[in-house]
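Asker: In order, the protein sequences belong to chains A and B. Under the working numbering, think of the first position of the first sequence as 1, with each following residue one higher. Under the working numbering, think of the first position of the second sequence as 1, with each following residue one higher.
Hints are computed from structural coordinates only; laboratory data are not their basis. Treat the hints with caution; some may be incorrect.
Unchecked claim - Straight line, CA to CA, 25 Å or less: simulated DSS-like cross-link-like pairs of lysine-lysine: (1) LYS91(A) <-> LYS57(A); (2) LYS182(A) <-> LYS149(A); (3) LYS182(A) <-> LYS601(B); (4) LYS601(B) <-> LYS622(B); (5) LYS91(A) <-> LYS601(B); (6) LYS91(A) <-> LYS240(A).
Only a predicted model underlies this, so the values are computations on that prediction, with no experimental measurement involved.
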Amino acid sequence: MEDDAPVIYGLEFQARALTPQTAETDAIRFLVGTQSLKYDNQIHIIDFDDENNIINKNVLLHQAGEIWHISASPADKGVLATCYNRTSDSKVLTCAAVWRMPKELESGSHESPDDSSSTAQTLELLCHLDNTAHGNMACVVWEPMGDGKKIISLADNHILLWDLQESSSQAVLASSASLEGKGQLRFTSGRWSPHHNCTQVATASDTTLRGWDTRNMSQIYCIENAHGQLVRDLDFNPNKQYYLASCGDDCKVKFWDTRNVTEPVKTLEEHSHWVWNVRYNHSHDQLVLTGSSDSRVILSNMVSISSEPFGHLVDDDDISDQEDHRSEEKSKEPLQDNVIATYEEHEDSVYAVDWSSADPWLFASLSYDGRLVINRVPRALKYHILL
Amino acid sequence: MDPGSSSFPPPSQPHARGPGSGPGDSPEGPEAEAPERRRKAHGMLKLYYGLSEGEGAGRPSGPDPLDPTDLNGAHFDPEVYLDKLRRECPLAQLMDSETDMVRQIRALDSDMQTLVYENYNKFISATDTIRKMKNDFRKMEDEMDRLATNMAVITDFSARISATLQDRHERITKLAGVHALLRKLQFLFELPSRLTKCVELGAYGQAVRYQGRAQAVLQQYQHLPSFRAIQDDCQVITARLAQQLRQRFREGGSGAPEQAECVELLLALGEPAEELCEEFLVHARGRLEEELRSLEAELGPSPPAPDVLEFTDHGGSGFVGGLCHVAAAYQELFAAQGPAGAEKLAAFAQELGSRYFALVERRLAQEQGGGDNSLLVRALDRFHRRLRAPGALLAAAGLADAATEIVERVARERLGHHLQGLQAAFLGCLTDVRQALAAPRVAGKEGPGLAELLANVASSILSHIKASLAAVHLFTAKEVSFSNKPYFRGEFCSQGVREGLIVGFVRSMCQTAQSFCDSPGEKGGATPPALLLLLSRLCLDYETATISYILTLTDEQFLVQDQSPVTPVSTLCAEARETARRLLTHYVKVQGLVISQMLRKSVETRDWLSTLEPRNVRAVMKRVVEDTTAIDVQVGLLYEEGVRKAQSSDSSKRTFSVYSSSRQQGRYAPSYTPSAPMDTNLLSNIQKLFSERIDVFSPVEFNKVSVLTGIIKISLKTLLECVRLRTFGRFGLQQVQVDCHFLQLYLWRFVADEELVHLLLDEVVASAALRCPDPVPMEPSVVEVICERG
């Protein structure tokens, strides 16, 4: 069975920031933020037409500065948050803000075939996350499953919880915590756990992973030396509440059970340089996507530690011919963790990968040279998981 | 003379003999006839045999036999003779011959007369004798007649006597029978008292014999009251006897032979054999348990245990000997018991044997810690040898098998012990190396130490392996009694020594070495990088030579006859090679990380926006070059140079200046012109199209260049990624330019393909330019000047 060829889209600028439009569950849509010091930065809204294999794009200007991180609201398609650099007086400060895109772009305007986008529209600023007292913003994460009112931002060594009020036009600092210790501690990345009623957040700083309780902003667990070097990213297993994955400069991807943090559950060492991004598939948590500065994207099948270790379990009443299924079930049982595919379409470091929020079998990766590649899970595997 | 006369001497012969000449007389006439006839017969025979008449007769030279004048010849013709005589001889001679002839005739006549007389006398005497015999025979006939009559009379008398005595004889026979019966009865009546007496005197054997004799009769006649009484008495006494015998038997102090006698008697008394078996075994058990207890006492924790050899000796002579006696006696006594009895004995031996084995094993377990194999092997040998006898006697009890099993188990444990010893030795070596590495370095001394350390470690491990092999080899020595057991001939050699000990050790060595790669302390470097390098070289040496050497040595010492599959040398070598590769890769990572950290800190901590115009190469870059040089020296001590790409052989500084001026400008110029942002991407993409993808943390080869290339790749990639995260001012960019050029100047000589360094450094500068809002590059000539000055 032939797999569809990857779809490639090129941006004019360097880019690091990528996110799916989280609130959109029908159309496949990604947001990409560019990095340019000399020109106005842009946010590209990439619509992918799955049936025709065509990409439609819309460009929004993001004049505030180059975008280091972008995240979309899980509740409102039109709302997104960025971390961006503002350069002034030979000072660089990374700020964060919440924006709203023009209404007509929220669900894509497929009928605009002119790619020139001469009439680039501008984002509407909803509010700044005031960080003058806290330092550079590393990332902004939305409360998953929430109503888009809560945001966590990581600024240097502070973790800040914001309440968005009055239709997001005002951000109020609800609570905060900070990391104390010797040396210059800085958060590099953070994720909000979808489990436990969304009360947990995990952060990465240097080689350490930390879990936080958002209700009182206290530390729940701490994995010291989770990686040999800097931890670049982490992600929660969407189906198993205690499992999370992390990646870092030691080229490894590690899977943790937060109840026992002394040893990783599993370690992958497939990349040949720093791993910048790790993402669980939203519905089939055995599929793990990683992007690395060795310019590769690797899709792994971590069956043994997934929520479906014995393959897709068929409900009893679905079984028409029990005997047959039993035997099949048995033959399926010894599933091995393996690398499904290595994608080598990129020629520069890949700093961001993510799954589509609409189609669980589709993902995008973004390399520094501005190349966005949209790939699909191999069909054979897809059917193997589904059937 | 002539054959005819010699064979048939007729009475006349003497006359015919004499001088062959004589006048043929008439009386000679008839005499001459016979020879004539005989001669004829002779002639016939001679004819038949093909002899001429002449030959046969005429051989003796002399007168012609046909000569009729020869007086003694066959064809004598008196007439011719006389004629001849008368014609030839003179008168005187004629007269002489006449007298001569007369004289001869007379002599012949007298001879004949004498002969006749003699024969007559003999005939007369014979006649007399015959007559006398006739007389005697007649007398004898009379005697014989008289004898016949006498015999008839005797026969008659004898018959009469027999008839008379017939009656009396029958009576006597009857009386004799009664007498015998009475004697038997008397014996029976006296039996109780006799028995009592015997019992009192302790003559148990006698008593049992009496009892045996009377038993059947009493049994037969027990319906008669008197006999019954006797039987009862006897039974009482016998019971007492049996009791006494048992008593004696139970007391048991009297030793095995007497006990055996008791058992024999009791058996004869018809005591139930099964019960006796039991009792016999119970007694034997008592004695053997005594032995076991004494052995256990030796084992006891408090007194210093005697050495294992002594222990097995005691056990062998005490317990095993006792067991042998018991078994032999039992089999002799209770042979009639059949398989049930044998089973009982087997179970008995098995139970006691297992207790004995438990003791021996406890003792041997105490020995496990010790290093002396020869004593242990000797002790095991004794132990095993001693158990052969009872093993043969009691095949069913499986003692010999159990003993062999114990020996095997001990041998296995020994192997395990040696394996641990080897592992410990290896770890010890590593500790030594660590200490040597950690010891304060004397300037310039650290270098040669590494190769020496490697040689030390390798030789010390090898000698340990050899020592272990020698120690283990004792188990298979010819003179050891268990060495020809199948286990020691096959499995012990192949699975135990070769697989378990040698292969096991090499594997564990590899594992230990690999564990350094997985150590969590990647940051701090819990493992000194030099140790990684050394281990890697050690594993590589093992792969190339040592493994095959050790295995050949093992195979030679332990002629492996087992057919079970063994790990081939190639597999083991592959493992060692893999280990060496991983170690070296890890070394590269660790060293790369050290340099990376320096570079990263230097990029991250600096404020690139407000930096001043570069005057110097930054110190950290010099440090990087210094460290790289140090690593180069270190690796060079253990690994070969390796191959570079051909172009680097004649590359010189000049090529770099060309590169940095022309190429650099060509490359960066478009990106500095703000009008064409797309070109940058396009250019860098095109450039990437033509260059191979760089695998940063890629596996390395076993040579210095490859190692250094790996380290430098890691470092420069880190620099690139760090630069991309920063924003640079104009002078910041220029500083990066200067730094990169400096690195180019010094790093090219370490790597296999200098193009690689160029590419990476190009990309660093390009990225820095992209991250600079005001990219004004420095003049290449100025860059060069600064670098040369620094």
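Asker: Checking against the hints above, which ones are violated?
Answerer: Numbers 1, 2 and 6 - these are the hints that the structure violates, sorted from lowest upward.
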